[in-house]
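Starting from the given sequences, assemble the full structure and let the hints guide the process.
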Amino acid sequence: MQIPVMENILEKNDQLALEVNAMLTAKGIFTLNLMGSPGSGKTSLLEKTIMHLKTELRMAIIEGDLFTSKDADRIACCEVPVIQINTSGGCHLDANMVKDSLASLDLDNLDVIIVENVGNLVCPAEFNIGEDKKATVLSITEGEDKPMKYPLMFKQASVVLLNKIDLLPYTSFDAAAARADIGSLNPAIRLVEVSCRTEEGLLPWYDWIREEVAAKKKGYKGSIQADYDQD
Amino acid sequence: MHELAIAQSILSITLDKAEEHSAQHIDSITLRIGQMTGVEPESLRFCFTMLAEGTKAAAAELRIVIVPLTARCGECQSDFSIERYQFLCPDCGSAKLEILSGREMQVEHLEVR
Numbered sequence: 001m002q003i004p005v006m007e008n009i010l011e012k013n014d015q016l017a018l019e020v021n022a023m024l025t026a027k028g029i030f031t032l033n034l035m036g037s038p039g040s041g042k043t044s045l046l047e048k049t050i051m052h053l054k055t056e057l058r059m060a061i062i063e064g065d066l067f068t069s070k071d072a073d074r075i076a077c078c079e080v081p082v083i084q085i086n087t088s089g090g091c092h093l094d095a096n097m098v099k100d101s102l103a104s105l106d107l108d109n110l111d112v113i114i115v116e117n118v119g120n121l122v123c124p125a126e127f128n129i130g131e132d133k134k135a136t137v138l139s140i141t142e143g144e145d146k147p148m149k150y151p152l153m154f155k156q157a158s159v160v161l162l163n164k165i166d167l168l169p170y171t172s173f174d175a176a177a178a179r180a181d182i183g184s185l186n187p188a189i190r191l192v193e194v195s196c197r198t199e200e201g202l203l204p205w206y207d208w209i210r211e212e213v214a215a216k217k218k219g220y221k222g223s224i225q226a227d228y229d230q231d
Numbered sequence: 001m002h003e004l005a006i007a008q009s010i011l012s013i014t015l016d017k018a019e020e021h022s023a024q025h026i027d028s029i030t031l032r033i034g035q036m037t038g039v040e041p042e043s044l045r046f047c048f049t050m051l052a053e054g055t056k057a058a059a060a061e062l063r064i065v066i067v068p069l070t071a072r073c074g075e076c077q078s079d080f081s082i083e084r085y086q087f088l089c090p091d092c093g094s095a096k097l098e099i100l101s102g103r104e105m106q107v108e109h110l111e112v113r
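Chains as they are written, first to last, in this note's numbering: chain C, 1 to 231; chain R, 1 to 113.
One or more hints might be untrue.
[Unchecked claim] One side of the interface only, derived from the structure: several residues of chain R facing chain C at Cβ under 8 Å:
#1 Ile13
#2 Thr37
#3 Leu88
#4 Met105
#5 Glu108
[What the hints assert, rightly or not] Below, computed lysine to any residue pairings styled on SDA-like, alpha-carbon distance capped at 25 Å:
#6 C:Lys149 - R:Phe80
#7 C:Lys149 - R:Val65
#8 C:Lys99 - R:Ile13
#9 C:Lys54 - C:Glu211
#10 C:Lys12 - R:Ser12
#11 C:Lys149 - R:Pro41
#12 C:Lys54 - C:Ser88
#13 C:Lys54 - C:Ala215
#14 C:Lys12 - R:Gln8
#15 R:Lys56 - C:Glu7
#16 C:Lys48 - C:Ile165
#17 C:Lys155 - R:Ser12
#18 C:Lys12 - C:Asp132
#19 C:Lys48 - C:Pro38
The hints are simulated quantities; they were obtained by calculation from the structure and are not laboratory data. Please read these numbers as outputs of a predicted model, since none were measured by experiment. No residue lacks a Cβ here, since even glycine has one placed at the ideal position from N, Cα and C.
Here is the structure:
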């Protein structure tokens, strides 16, 4: 006997991700899923981003790693709320983990939550965690062939940051090839070439975050106004 | 990829459906897996076999249908296969694409008795 099923294998996670997004949208919070290889510079990027934006945006960070609180400890020095999730072997964060961590944040007093996902160029792209947008960090020391080898990570992102450009003179990284490959995977993507160490190129990244937060607030106020008008 | 977590979900969906239809034995499970999901079929079969041991799905064959990556152009309305992950319309060159298939991860149907 044949039983039709037609069920999505990741349905449970997708449902939870929608719940998380709805919860954060109701508070007008812009949520970003920051992905990239181990060592690509995600935490360094966050350190610079926080120091530059924290006086104008109320930020919180959720850190995902297999083990240790090393990344959360670094972020704690920047004096913003930070939660460390340890997956104990899990290769990506999922919506359930993020949902559980939200209870520890003051959602009434935040403009943006950035989730630094587990360092991994494969799995995080497949699991929605309730974010509004995804950003992928690729360091030039990883090689220009990585976007085509791991296409989903770059296809799903709204922004790709090419990090460690201060090291270009010491590598054979083909920046033109990387730009072309990323562009062919995602023609609408915003590509930002940066050095977290020297802070070169970071200003457009900060502007992008400001734009996304403003857009989220506008949508949030629109829905608040609609509720008010209905009453 | 983490085929173990995916296998766990497949098993859970399968056993729930079997229970719903009072099936005693699951002969096969047909999956639709998109080309762009990065799931490795042999790894998935290995993990599934391990997890299904002792359940009604212990002898079930995993039939994996790989769904090709296709898109529709938002400008000229062409439908086409995406080759080598180039997300541009081959007819008009537009980047305004809607992915039609290739991202699925679905249990399509079961054969039971």
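Against the structure, the hints come out as follows:
1. Nearest Cβ of chain C to the Cβ of Ile13 of chain R: about 5 Å, under the 8 Å cut. The hint holds.
2. Taken as an interface hint, Thr37 of chain R checks out: its beta carbon lies about 7 Å from the nearest beta carbon of chain C, inside 8 Å.
3. Because the closest C-beta pair between Leu88 of chain R and chain C is about 6 Å apart, less than 8 Å, the hint holds.
4. Interface hint status for Met105 of chain R: upheld, as the beta-carbon distance to the closest one in chain C is roughly 4 Å, under 8 Å.
5. For Glu108 of chain R, the interface hint holds, the least distance from its beta-carbon to any beta-carbon of chain C being 6 Å, beneath 8 Å.
6. Proximity of Lys149 of chain C to Phe80 of chain R is assessed by CA-CA distance (about 22 Å); at most 25 Å being required, the pair is judged to hold.
7. As the CA atoms of Lys149 of chain C and Val65 of chain R are separated by approximately 22 Å, the hinted pair is consistent with the 25 Å bound.
8. Taking the CA atoms of Lys99 of chain C and Ile13 of chain R, the gap is about 23 Å. The hint holds against a cut of 25 Å.
9. Proposed proximity of Lys54 of chain C and Glu211 of chain C is supported: the alpha carbons are some 15 Å apart, at most 25 Å.
10. Our distance criterion of 25 Å between C-alpha atoms is met by Lys12 of chain C and Ser12 of chain R, whose separation comes to about 11 Å.
11. A distance of roughly 18 Å separates the Cα atoms of Lys149 of chain C and Pro41 of chain R; the hinted pair therefore holds under the 25 Å criterion.
12. Taking the CA atoms of Lys54 of chain C and Ser88 of chain C, the gap is about 31 Å. The hint is violated against a cut of 25 Å.
13. Among the hinted pairs, Lys54 of chain C with Ala215 of chain C is consistent with the structure: their alpha-carbon atoms are about 18 Å apart, no more than 25 Å.
14. With a CA separation close to 12 Å, the supplied pair Lys12 of chain C and Gln8 of chain R stays within the 25 Å bound.
15. Distance restraint check for Lys56 of chain R and Glu7 of chain C: the Cα-Cα separation of roughly 19 Å lies within the 25 Å cut-off, and the hinted pair is therefore satisfied.
16. For the hint pairing Lys48 of chain C with Ile165 of chain C, the CA-to-CA distance comes to about 16 Å; that is within 25 Å, so the pair holds.
17. Between Lys155 of chain C and Ser12 of chain R, the direct Cα distance comes to roughly 30 Å. Violation of the 25 Å bound is thereby established for this hinted pair.
18. Proposed proximity of Lys12 of chain C and Asp132 of chain C is supported: the alpha carbons are some 18 Å apart, at most 25 Å.
19. Taken as a hint, the Lys48 of chain C and Pro38 of chain C pair is honoured in the structure, with Cα atoms around 18 Å apart against an allowance of 25 Å.
Hint violations for this structure: numbers 12 and 17, all remaining hints satisfied.
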